[in-house]
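Peer 1: Could you put together the complete structure from these sequences and hints?
So the sequences go chain by chain: H and V. Reminder that position 14 of the first sequence reads as -2 in my numbering, one-by-one numbering, no gaps. With positions in the second sequence counted from 1, the corresponding number in my numbering is that position plus 527.
By construction, these hints were calculated from the structure, which means they are not laboratory data. For clarity, every value in this text was computed on a predicted model and none was experimentally measured. Idealized CB from N, CA, C, for every residue including glycine. Keep in mind that a hint or two might mislead.
With the C-beta cut set under 7 Å, the calculated list includes, among others, these residues of chain V facing chain H [stated by the list, open to error]:
no., residue
1, 593
2, 595
3, 776
4, 838
5, 839
6, 858
7, 1011
8, 1013
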Amino acid sequence: MTSLNKMSPDQEGVVASIDGDTRFLSRITSIGLTPGCKVKVIKNDKGRPILVFLRDTLVALNNKECERILVEERSN
Amino acid sequence: MVDGKITIALLGQPNSGKSTLFNGLTGLKQHVGNWPGKTVEKKQGSFTHNGMEYIVTDLPGTYSLSANSDEEIVTRDYIASGNADVVCILADSSQLERSMFMLADFAGIDVPCFLVLNLADVAKDQGKNIDPKKIESKIGIPVILMSATDVKKYDSFFECMEKALKDKTKLDYSSLEKGYETVEGYSDLKTIISDGLVEGYSSTWLCAKAVEGDKVVRAKIENALSGEKKASYEKTIKTLDKGALSTGECKFAWIDEILDGSVNKVETSVKMGKFDRAITSKTWGKLVVVLVVIGGLLLSFIPALPIMLLGGCVTMLDEPIRTALTNANASPILIGIICDCLLMCIANTVKMLGFAFGITLVFGMFEESGIMARISYVFDNTMSKMGLQGKSVMPFLVSFGCTIGGASSSRVIDNWGQKILTIALAWAVPCGAAWAIIPMLATSFFGGYGVLVIVAILVVMIIHIWITSKIFGRHLVKKEDRYGIIMELPPYHKPKWKSLLRYVFGRTKDMFFRVIKVIIPVCLVFWFLSYSSIGVEGSVLYKVGTFIEPVTKFFGLSWQLFMAFIASSIGKEGAVGVLTALFSQTGTIFGAVAGSNEAVANSTQLLINNISGPQALAFMFAITFNMPCVVALAATYQETHSAKWTTLITLYYEASALILAFLAYHVGLLIM
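Peer 2: Listed below in structure tokens is the structure:
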């Protein structure tokens, strides 16, 4: 298990848990990121948002906020 | 129904092709305004079909119907209030699972609706086969698979819409409700909250939002309840935590259930092309963005130039009209108003429209094609420090060329507060007109040291932007509204020129009247202030200027410089002309602004003889950081739809320019 912001490009996994205030949870679920959702990290540069592919969609997420998203890694 | 017209509301997430459908339906018949009391843009249009007139409300593109932003609250309040006869919910067929979230979040609002699965062409290219009939049988509302870009095939859309209106089809969400029942606290709330406790919403919707921790809904429920029910409601609410996650899972489980058997499973992936790798590159990304924006700016001149030339032609009417009026023995005041003032206003407005037209078209294309989202990604970190989105970088870059273009390009910023803040900050960027004057003045007065003036101006610009972002940012983008980016990077789409052109044309027409409404009064007032029948001395401006000279001297501005400063609000290009006119006592102030004065030889020498070094320094800072020009003011008003904020920004810049002049003058006195 690792947090999403520590994952490197091309790494895949399944979201295990998400933590944060109501606003964050509501925003992150509305873009499709929920527990059980498959994710693939596309780009993770320092000082830039993380690019994640989920539910057919490429999404940019704030790096710091991704600390609160835990992912069960899967080897591809 | 209002006056026999039917209202349909378009609801969908960003990138679901909502604007394309809106433009396809309404064509040139659209109007942009504000939602009453809210800082959210309201787009409405109309069309006729089968002899019926329809009003289309394009609701703000948001990802959900929670209380995360004004946009979302406006959207759900509008739908729940029953203002729309039918809601058209859009989803993106190529990202069906994710984009159907809006449908799931809508479930429980008691209004007739139908579902549009848009971007059918993209889904087909992905190898997806979608069966709308099957989806229809599961959710009980008409469903249509279409491409909003294909205007010729709107017939089936209209059929769907008419069916939804006739049968008042409501969404069947019983299966979603079963999911909700497994969520902690939901069933308890269900016994307390009844349908319509808050008008327009079912108990299912209210309970789900209460579980999610939606502050606005919770407060409304609490207000509507009393006694024992209120107490047990408050007790239940207290035990809930992270409800948004649980209901989110339910919503996606429901979507999966709908799509199961209705769509074939296709594994999609994302490929980063060459351009994508370049623009998102850690090393080159920012440079690529700057180049792309500059390229866009240059490109925008292609559609802009013909219109701008047309504006130039208006000025050619000056002579024949002047001669005709003189021959008809018209009073010089009338000739002045018509030729110097009105004609210049119209010419400038047309020129500005041409420029705004080009900018809106090119940057609209950036947005539609998906480039804008990449720009946002690259500059997110930098701009979020000022409370702005990454794409706010664009108006800043464009403003180096022209603030009018900067204001126009802020159209793509989807949050109103951030949009105003962006424009307010972009005003601090010295525009092309300032760059045309300042280096010339700087080198005339200070020779090689002139470079230092330019450097100082750039440094002051950065500090100015930073301070202004603190002053305005607090009110426009509240602290609790500043959060990290959560944004979709849509796949690249070929821009749909036709619908884009139609939209931009419609907007430009609207703009003409709005802009001219601002420019003419401002110029008229200035014209009257500067009018004189006996040379400069007869004008009000002269009397006021010389009267308050003891005060303006404090800022390093003699009465002549102060007048040129005031004139530079109309247009910076005119500032030097005004000085020349005043010092050489030829021509008129307004003529200098309008550029109709005769050229004076050796004007530089004239300035050096009459202005001291510190004064020149003060003047340069004053006009650089003054409001950009009256047309930029109008463009700002056009984009923000707010007279209040446009006025505030203007006054702020006039005042801060004087403060900067004061500082520059006194620094100048110390070092020279």
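Peer 1: Looking back at the hints listed earlier, which ones does the structure fail to meet?
Peer 2: 4, 5, 6
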